[in-house]
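> Since chain R is already given, all that's left is putting chain D on it; use the hints.
Each protein sequence line maps, in turn, to chains R and D.
The number in our numbering is simply the position in the first sequence, starting from 1, with 7 added.
The number in our numbering is simply the position in the second sequence, starting from 1, with 897 added.
Hint data in this document are derived by calculation from the structure and do not stem from the laboratory.
Glycine included, each C-beta is placed from N, C-alpha and C at the ideal position.
It is possible that part of the hints are untrue.
[As the list claims (entries may be wrong)] Here are a few chain R residues that sit away from chain D, every Cβ distance over 10 Å (derived from the structure):
no., residue
1, L18
2, F71
3, S72
4, N86
[Claimed, not checked] For lysine to any residue, the following SDA-like pairs were computed, each having C-alpha atoms within a straight-line distance of at most 20 Å:
no., chain 1, residue 1, chain 2, residue 2
5, D, K956, R, E110
6, D, K939, R, Q13
7, D, K939, R, G10
8, D, K939, R, T12
9, D, K965, D, S925
10, D, K954, R, S108
11, R, K37, D, S992
12, D, K939, R, H17
13, D, K956, D, E942
14, D, K965, D, S921
15, D, K939, R, Y112
16, D, K976, D, E942
17, R, K37, R, E58
18, D, K956, R, S108
19, D, K960, R, E110
20, R, K20, R, F71
21, D, K965, D, L947
22, D, K939, R, Q48
23, R, K20, R, G91
24, D, K939, R, P15
25, R, K20, R, T120
26, D, K954, R, Y112
27, R, K37, R, R62
28, R, K59, D, S992
29, D, K966, D, S917
30, D, K956, R, Y112
31, D, K939, R, T120
32, R, K37, R, K59
33, D, K966, D, T902
34, D, K939, R, A9
35, D, K956, D, N919
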Amino acid sequence: DAGVTQSPTHLIKTRGQHVTLRCSPISGHKSVSWYQQVLGQGPQFIFQYYEKEERGRGNFPDRFSARQFPNYSSELNVNALLLGDSALYLCASSSLIAGSSYEQYFGPGTRLTVT
Amino acid sequence: EDQVTQSPEALRLQEGESSSLNCSYTVSGLRGLFWYRQDPGKGPEFLFTLYSAGEEKEKERLKATLTKKESFLHITAPKPEDSATYLCAAMTTDSWGKLQFGAGTQVVVTP
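For reference, chain R alone in the conformation it holds in the complex (with noise of 0.2 Å):
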């Protein structure tokens, strides 16, 4: 089976540009959750989405934006990139489904640099 899958793998933007990532979520998983890691740290949370819906935000700014469609895929949108915002963008699913665990499973991620 195929696992999460990100794409694309590399971008690189300029300050000021509007950037979409896209992520896949394992098949039969209904829940996507996308996390920020800068260099040296661990990855902090930014959104989850749940059956279509935004489950859970963490601490960033509205230029943070996402959503997921009907097939379970989600978007990760950024507006008005600042330097700040270079970093490994990653994907997780997760199924979610009463009983089971809460075991989330990582995509290759997006490697974004802002010039």
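Structure of chain D alone, referenced to chain R:
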């Protein structure tokens, strides 16, 4: 404020030299404690979930344990391929989609 702290920041081991990594957590209520392995430039790879104090899980040379305040990841007789950053993360009872990560322990195993 919820907090997850890992120590040491870095660990250099000789092949075969066993050691332990520490993850201490201060959270309002723990739903689960997760361990991941991350190779440079890649996404974290799931290792273990622990749900209650006293629980232990093993996988090859790795063993994770949980108490009410901390978790340990024991690496027994490590090999060079165990070199990676090991991350722990807490999920609290008021959230089932958010993992709060520590900064990680970078482990290097030399032949």
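> If a hint holds in the structure, say so; if it does not, say that too.
Hint by hint, here is what the structure shows:
no. : hint              : verdict
1   : L18               : holds (14 Å)
2   : F71               : holds (15 Å)
3   : S72               : holds (17 Å)
4   : N86               : holds (23 Å)
5   : K956(D) / E110(R) : holds (16 Å)
6   : K939(D) / Q13(R)  : holds (12 Å)
7   : K939(D) / G10(R)  : holds (13 Å)
8   : K939(D) / T12(R)  : holds (12 Å)
9   : K965(D) / S925(D) : holds (12 Å)
10  : K954(D) / S108(R) : holds (15 Å)
11  : K37(R) / S992(D)  : holds (16 Å)
12  : K939(D) / H17(R)  : holds (12 Å)
13  : K956(D) / E942(D) : holds (13 Å)
14  : K965(D) / S921(D) : holds (9 Å)
15  : K939(D) / Y112(R) : holds (13 Å)
16  : K976(D) / E942(D) : holds (18 Å)
17  : K37(R) / E58(R)   : holds (6 Å)
18  : K956(D) / S108(R) : holds (18 Å)
19  : K960(D) / E110(R) : holds (17 Å)
20  : K20(R) / F71(R)   : holds (15 Å)
21  : K965(D) / L947(D) : holds (11 Å)
22  : K939(D) / Q48(R)  : holds (14 Å)
23  : K20(R) / G91(R)   : holds (12 Å)
24  : K939(D) / P15(R)  : holds (14 Å)
25  : K20(R) / T120(R)  : holds (6 Å)
26  : K954(D) / Y112(R) : holds (18 Å)
27  : K37(R) / R62(R)   : holds (12 Å)
28  : K59(R) / S992(D)  : holds (17 Å)
29  : K966(D) / S917(D) : holds (16 Å)
30  : K956(D) / Y112(R) : holds (17 Å)
31  : K939(D) / T120(R) : holds (16 Å)
32  : K37(R) / K59(R)   : holds (8 Å)
33  : K966(D) / T902(D) : holds (11 Å)
34  : K939(D) / A9(R)   : holds (16 Å)
35  : K956(D) / N919(D) : holds (17 Å)
Against the hints set out earlier in the document, no violation occurs for any number.
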